[in-house]
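Based on these hints, arrange chains U and L on the given structure of chain V.
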Amino acid sequence: MSKERERGMSVIVKTVTRLTVGLILLYGVYVVLHGHITPGGGFAGGVIIALSFINLDLAFGKRVSSGILSKEGTGVIEAMGALLFLALALIGMKYGIFFKNFMHPDGEPGELVSAGIIPLENIAIALKVGAGLFGIFLTLIAAQKFEAEKK
Amino acid sequence: MNAYMPYVLCLVLFCIGIFAILSKKNIIKIILGIIIAEYAVNLFLVMVAYKAGGRAAIFSPNRGEILPEVMVDPLPHALVLTSIVIGLATTAFMIALAIRLYGKYGTFDITRMRELRG
Amino acid sequence: MINEGMIPLFVAVPLAGAFLAALFKRLGWIPDLLGVLASLFSFCLSLHFILDTAPGASFAVNVGGWGSFPEVMGKVVGIRLVLDGFTVFMLAIVNFVALWVSIYAVGYMKRYTGRWQFYTLFLLMLAGMNGVLITGDMFNMYVFIEIASIASYALVAFGVGKRELEASFKYAVMGGMASLLILLAVVFLYASTGTLNMGDMREILSGTHYSGLVYLVFGLLLTGFGLKAALVPFHAWLPDAHPSAPAPISAMLSGVLIKALGVYTIARIFFDVFGFPHQVSIILLVLAAISMGVGALVALRQWDMKRLLAYSSISQVGYIMLGFGIGTPLGVMGALFHLFNHSMFKSLLFLASGAVEYSTGTRNMKEMGGLNRKMPVTGGTALAGAMSLAGIPPFAGFWSKLVIIVAAVQAHHMKLAAWAALMSIITIVYVFRITRYAFLGELKEKLAGIKEVPLLMRVSLIILALACILGGLVLLPQVRKMFLSPAVRVLIGMGGV
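Chains as they are written, first to last, in our numbering: chain V, 292 to 442; chain U, 24 to 141; chain L, 64 to 560.
Honestly, the hints are just simulated from the structure, not real lab data.
Even glycine gets a Cβ: it sits at the ideal position worked out from N, Cα and C.
Treat the hints with caution; some may be incorrect.
[Said to hold, decoys possible] Covered stretches of chain U (in silico footprint by chain V; criterion: 3 or more residues with CB under 8 Å from a CB of chain V, positions within the stretch not fixed):
1) 49-63
2) 118-132
[What the hints assert, rightly or not] With a cut-off of at most 30 Å between alpha-carbon atoms, the simulated DSSO-like pairs for lysine-lysine come out as follows:
3) L:Lys-514 to U:Lys-127
4) V:Lys-362 to L:Lys-478
5) L:Lys-225 to L:Lys-507
6) U:Lys-127 to V:Lys-362
7) L:Lys-173 to L:Lys-507
8) L:Lys-225 to V:Lys-362
9) V:Lys-305 to V:Lys-385
10) L:Lys-429 to L:Lys-544
11) V:Lys-391 to L:Lys-138
12) U:Lys-74 to V:Lys-362
13) L:Lys-225 to L:Lys-509
14) L:Lys-88 to L:Lys-173
15) U:Lys-127 to V:Lys-353
16) L:Lys-88 to V:Lys-362
17) V:Lys-385 to L:Lys-138
18) L:Lys-429 to U:Lys-127
19) L:Lys-225 to U:Lys-47
20) L:Lys-225 to U:Lys-52
21) L:Lys-429 to L:Lys-173
22) L:Lys-429 to L:Lys-225
23) U:Lys-127 to L:Lys-437
24) U:Lys-48 to L:Lys-514
25) L:Lys-138 to U:Lys-74
26) L:Lys-88 to V:Lys-353
27) L:Lys-437 to L:Lys-173
28) U:Lys-127 to L:Lys-225
Same shape as in the complex, but just chain V:
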């Protein structure tokens, strides 16, 4: 069972995944970067990015996905995302207010680069959520293996 998982799924699944996984990742990045002007944002985009990694893990087995991003790596990225978010909030205090939107407070509706720190916060959340969800997934998978060994 676990050996089968190492090798991944059938050729059909692998081919389709190879074609789509980049698009899913790209769509996730799009949702993150346009989070302040279209529905979506850091959380939704982060989930989509995590899904692309999970897809990779399911189709090609553990070795491929952990070659790109290991469990250790998810922890580091998650912490960095959280710290980036916190740093943005604290830099605002230099201008007097916690979470002050100090870069570009009066945005223009529909413009991509006009919302100050909000896109940056979206990126931080996406890092945190994407890495966090993928980390949870990897943890649960690892626990399943641990349990199979015990039997």
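Showing chains U and L alone in chain V's frame:
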């Protein structure tokens, strides 16, 4: 009467969740009960924001025109997102616990886990 | 210099410490240092707010600058963080205990692997608790309660043995239920008042006659926070969860977490937002009386030292709730004072039981005996904590129990006063079981080779024991004016959110 139906369904969902938590012996079913009850609360939170014939909070047919009276309340939508994320964290944690417990006992049945009685 | 902009740092610094500890997990000593530094910073900040501001001064800061605007009739639209006398009082207690617990943990946690996870979760829990204390927004409070709770579920399971996992599951299910009920209550309140800010909510509610909905909210909130505070019908998780955690976490859970998440929130919401209605007072008194009795009586027949202390926590929370339920200024003062004392002696006793476990490897009091000869510091400090818990006169616990009982007599709750006095006698009985079986008497042969615990653990034990001995000084007028009275004034309606 019909206007209350969604709220009644919400209550029914909540009660199903509580019933599952209180009466089921299987850990996974208890976790499912918590998820169901949580989603009932989230659903209720979204319905609090509802306004008959309302539209999305930032949307208005003509640019620059703001009509707060026909907009639904956007705040609960933001709150429900937060509460879903919290629910995700709780659920993930409890599933991880369930897997570890299964590893220790080889069963999901809480009546066979007697380490803490007394 | 006083700057209300510093209020968010109570949350931000522990949070930053938590994620930095996760980032630098490979460098062995960095997470330890971060844990101590973050809690030291929070404690210094709360001391700064106590010492350098006028007593009872209240500060508010609007996150992101989203304050009140004329377009929304002067209501606060964003999250408002509030720091008043009650908040500062609680912050000082929480961060004081957290500081000494984190110093203790540097020595204690050497046995465990994955120490960075411990510090990450510990600091997340601290950030959550500080957040609950400083927030003035209902939903934000729910979020911080969840942060602290989820971190504590994970900390209870830290040992990943059968016991720990089961206790953590039980705790997580019951805590999850409590959070759901709290969230439901917050939703009802939002639906009926249209605001989440506590100050605005109080103004809207104070003018109206309470409808059935508000009573439903009372029920939900009392059940939810009662679960978090482990009042008796809802206490089932505590005697499992608190002993299962590593000793520093037991101390945090019993010492401050149930107070920040349960007692503080009950006091804040029912006194400050709802104006302490009569029905709630009766419910609190009944729950308090049952908690005192059940906790003390069940503690009598425990042989596991940490389990005994956990049941004793239930009983002592009953005392605190009794003071709040009486609702007179004296009762509230007694409750707050007992809250302070209980934080000190219960975290001390849990740390001491952890020290005993560290040296002897057992928690069963039948296997102990005569530990005083081998571990004089642990034994002496535990004795101080036990005396304070039992309410022996010069120690702090005596004064707070006395204040609560006097307040009950003054408010003509004679039966409750008698009940509280009776339960404090039972408290003396079970406390003396700890000292007699564990620390006094003959040294068992098996334990001949044990040693005293490391220096850092001894330091925190001594400091907390000093707090137990000198805690009575809080009642002196000069200290009381600065520390205790502003908190009382907030709750009985002179000043507030």
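Evaluated hints:
Taking a C-beta to C-beta cut-off of 8 Å, the region 49-63 of chain U contributes 0 residues in contact with chain V, too few for the three needed, and the coverage statement is violated. Given a C-beta distance limit of less than 8 Å, the hint that chain V covers the region 118-132 of chain U holds, as 7 residues qualify and 3 suffice. Using a Cα cut-off of 30 Å, the hinted pair Lys-514 of chain L and Lys-127 of chain U is violated, with the two alpha carbons roughly 34 Å apart. With a C-alpha separation of about 60 Å, the suggested pairing of Lys-362 of chain V with Lys-478 of chain L is violated against the 30 Å cut-off.
For the hint linking Lys-225 of chain L to Lys-507 of chain L, the alpha-carbon distance of about 29 Å falls within 30 Å, and the restraint holds. At most 30 Å may separate the alpha-carbon atoms for a hinted pair to count; Lys-127 of chain U and Lys-362 of chain V meet this at roughly 24 Å. With a CA separation close to 27 Å, the supplied pair Lys-173 of chain L and Lys-507 of chain L stays within the 30 Å bound. Between Lys-225 of chain L and Lys-362 of chain V, the direct Cα distance comes to roughly 25 Å. Compliance with the 30 Å bound is thereby established for this hinted pair.
A C-alpha spacing of about 51 Å is found between Lys-305 of chain V and Lys-385 of chain V, which places the hinted pair above 30 Å, so the restraint is violated. A hinted pair counts as satisfied when its Cα atoms are at most 30 Å apart, and Lys-429 of chain L with Lys-544 of chain L does not qualify at roughly 46 Å. Under the criterion of a C-alpha separation no larger than 30 Å, the hint pairing Lys-391 of chain V with Lys-138 of chain L is consistent with the structure, at around 20 Å. The suggested pairing of Lys-74 of chain U with Lys-362 of chain V is violated, with an alpha-carbon distance near 45 Å, which exceeds 30 Å.
The hinted pair formed by Lys-225 of chain L and Lys-509 of chain L meets the criterion: a straight-line CA distance of about 27 Å does not exceed 30 Å. The hinted pair formed by Lys-88 of chain L and Lys-173 of chain L meets the criterion: a straight-line CA distance of about 14 Å does not exceed 30 Å. For the given pair, Lys-127 of chain U sits about 25 Å from Lys-353 of chain V by alpha-carbon distance, which is consistent with the 30 Å threshold. A distance of roughly 14 Å separates the Cα atoms of Lys-88 of chain L and Lys-362 of chain V; the hinted pair therefore holds under the 30 Å criterion.
At roughly 26 Å between alpha-carbon atoms, Lys-385 of chain V and Lys-138 of chain L fall within 30 Å of each other, so this suggested pair holds. Of the supplied pair hints, the one linking Lys-429 of chain L and Lys-127 of chain U holds, its CA atoms being roughly 28 Å apart against a limit of 30 Å. This hinted pair checks out: Lys-225 of chain L and Lys-47 of chain U have alpha carbons roughly 21 Å apart, not beyond 30 Å. About 20 Å separates the Cα atoms of Lys-225 of chain L and Lys-52 of chain U, which keeps this hinted pair within 30 Å; it holds.
Note on Lys-429 of chain L and Lys-173 of chain L: the hinted pairing holds, with a Cα-Cα distance of about 27 Å set against a maximum of 30 Å. Our distance criterion of 30 Å between C-alpha atoms is met by Lys-429 of chain L and Lys-225 of chain L, whose separation comes to about 23 Å. Restraint check for Lys-127 of chain U and Lys-437 of chain L: the C-alpha separation of about 37 Å exceeds 30 Å, so the hint is violated. Taken as a hint, the Lys-48 of chain U and Lys-514 of chain L pair is broken in the structure, with Cα atoms around 45 Å apart against an allowance of 30 Å.
Among the hinted pairs, Lys-138 of chain L with Lys-74 of chain U is consistent with the structure: their alpha-carbon atoms are about 21 Å apart, no more than 30 Å. For a cut-off of 30 Å, the pair hint linking Lys-88 of chain L to Lys-353 of chain V stands: about 24 Å separates their Cα positions. A distance of roughly 21 Å separates the Cα atoms of Lys-437 of chain L and Lys-173 of chain L; the hinted pair therefore holds under the 30 Å criterion. This hinted pair checks out: Lys-127 of chain U and Lys-225 of chain L have alpha carbons roughly 7 Å apart, not beyond 30 Å.
The structure fails hints 1, 3, 4, 9, 10, 12, 23 and 24 (numbered hints given earlier, in ascending order).
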